[in-house]
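Following the hints, position chain X against chain V.
Sequences listed follow chains V and X, in order.
Note that numbering that gives the first Met the number 0 numbers the first sequence so that position 130 is 129, with each residue one more than the last.
Note that numbering that gives the first Met the number 0 numbers the second sequence so that position 197 is 196, with each residue one more than the last.
Note that these hints are calculated values from the structure, not bench results.
Warning: the hint list may mix true and false statements.
You can't tell identical chains apart in this list, so a pair holds if it fits in one copy or across any two.
Under the rule of at most 20 Å between Cα atoms (straight-line distance), these lysine to any residue pairs were calculated in the SDA-like manner [unchecked claim]:
#1 Lys269 to Trp231
#2 Lys150 to Asn21
#3 Lys220 to Val193
#4 Lys209 to Ile237
#5 Lys220 to Ala203
#6 Lys137 to Lys150
Just so you know, these numbers come straight off a predicted model, no measurement behind them.
Protein chains: 2
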Amino acid sequence: MLSLTVGYQGVAGSFSEEALFNYFPNDIDTKNFEQFEDVFIGLDKEVIHYGVLPIENSSTGAISAVYDLLNQYDCYIVGETYVKPIQNLLGIKGANINELTEIYSHPQGFEQSKTFLSNFQCKLIPYYNTARSAEYIKELNNPTIGAIASKKAAELYGLDILAENINCNQHNTTRFVIIGKSLKINNVCDKISVVLSTKHQAGALYNTLKHFAMNDINLLKIESRPVQHTPWEYYFYIDFEGNIEDPFVAKTIEQMKIDCHHFKLLGNYKKQIKD
Amino acid sequence: MLSLTVGYQGVAGSFSEEALFNYFPNDIDTKNFEQFEDVFIGLDKEVIHYGVLPIENSSTGAISAVYDLLNQYDCYIVGETYVKPIQNLLGIKGANINELTEIYSHPQGFEQSKTFLSNFQCKLIPYYNTARSAEYIKELNNPTIGAIASKKAAELYGLDILAENINCNQHNTTRFVIIGKSLKINNVCDKISVVLSTKHQAGALYNTLKHFAMNDINLLKIESRPVQHTPWEYYFYIDFEGNIEDPFVAKTIEQMKIDCHHFKLLGNYKKQIKD
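For reference, chain V alone in the conformation it holds in the complex (with noise of 0.2 Å):
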């Protein structure tokens, strides 16, 4: 049987390698990247079958830069699942926590921590990510620095774990997308994701999401993004209910593209449940 690589950004260690195991079995193959774009470079030149990225936290929202660089590569969402990136504080081993001065994490890992941070006096310095912070403060080996990171990546760069669980928020989900190089439609997918832009006049972007209305097609989300080199004109990156297949939904994403400058699907994947 042909073995399967997956890409992902980041370290091993890192909330996209956790996404990446809750989605395909354990004997596969991994890749890690440096960058975001990366991933879709490797899909692109077939280094790896598909690749993991995160799309949207629960807290903090769209990650931009992976809306961008779908619109921009040929590739298809094949699936979704999501993870709870539970943060930690780890020093190095014998450190304590009232004697740190510095901690390193990607500003995420500080946003997520917010209400715990504001009881240190430290420093926090942003980082690439989460994982990467951890590995770097191994490198140092500085009792006084420390860095917010997964329970993975203290067992991985063999930290101690100086507060468990800091997150401010216990409901923080982070969702993923799964990405290939060809659309994957059977009868168990139920979730479609567009981009488009709409014609420059008013009410367009208004006649456009009419259409959801009129076949009675649940919309579950809406996100823009400004489109490059034409300031204030935007993508509007459109989630709903569906399968393709389905001759309303095929319907209904023929009326759509007659209000739209841009047009492309994303994909059409299995819903997963969100926690």
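For chain X alone, kept in the frame of chain V given last:
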């Protein structure tokens, strides 16, 4: 005459300070704050009369933290202004562009200069904002360390401009809003901003938006942000044309509220010309 004190986030030489002087006359007092939220707190505690905050960039999109704070604090948008954030590569006096090994800037500074930076092998270090990056490399006083910031920051911190106007997108513009403690409405106001969350039922978002079309009101922008502590519900920030003293506009707002769970009028102000 009472003097006016206006607050902004960042340090002297920042694009926020430039936006402030775009909107207000030169003889006002300014007060700078560390964080976006500090500007809102300053307004609340009557330390400042107005605040100036970036809300959206034409290339990189919404500044989500500012959207969230506008909903959270008891304040109103009383005006808007646009600034073109022109980025430059700065170094200490005598630095040579080919000898740089590290560059500090805000992640948006890197993003806006991506094409230019792709010609260099420098390590890019994310920092609080562009002007503070300039201030920091002045402190470091190392000819191999550069910063991406404004020309004004170069002047203020006595730095050399190693490369001028390095933006990949020459149309790049940031929209700023001016916030105050009360609504300031007169007959020149022609743009309205609201934030709402819809009831948790199929079609609720569509039912809210349909009133724009029914009353022939031009929808300018929709931005979505997560509702904290209730994962996967959204606040929609909507900009549209009109003056709330116009009976059609007042009626539209009353109708929209019916399908809303939360509704806040963020302001009615004069639309500025975009570039």
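Here is how each hint holds up against the structure:
In this assembly of identical chains, Lys269 and Trp231 lie within 20 Å of each other by CA distance solely across copies; the values are 17 Å between and 33 Å within a copy. Taking the closest pair of Cα atoms, Lys150 and Asn21 come within 20 Å of each other only inside a single copy of the chain (16 Å); across copies the shortest separation is 48 Å, beyond that limit. Taking CA atoms no more than 20 Å apart as the test, Lys220 paired with Val193 passes in both settings, with 11 Å inside one copy and 18 Å between copies. For the identical chains of this complex, Lys209 and Ile237 are neighbours both inside a copy (13 Å) and across copies (17 Å), given an alpha-carbon limit of 20 Å.
Both within a single protomer and between protomers do Lys220 and Ala203 lie at most 20 Å apart by alpha-carbon distance, with minima of 18 Å and 12 Å respectively. For the homomeric pair Lys137 and Lys150, the shortest alpha-carbon distance inside one copy (14 Å) is at most 20 Å, but the shortest distance between copies (38 Å) is not.
Taken one by one, the earlier hints all hold for this structure without exception.
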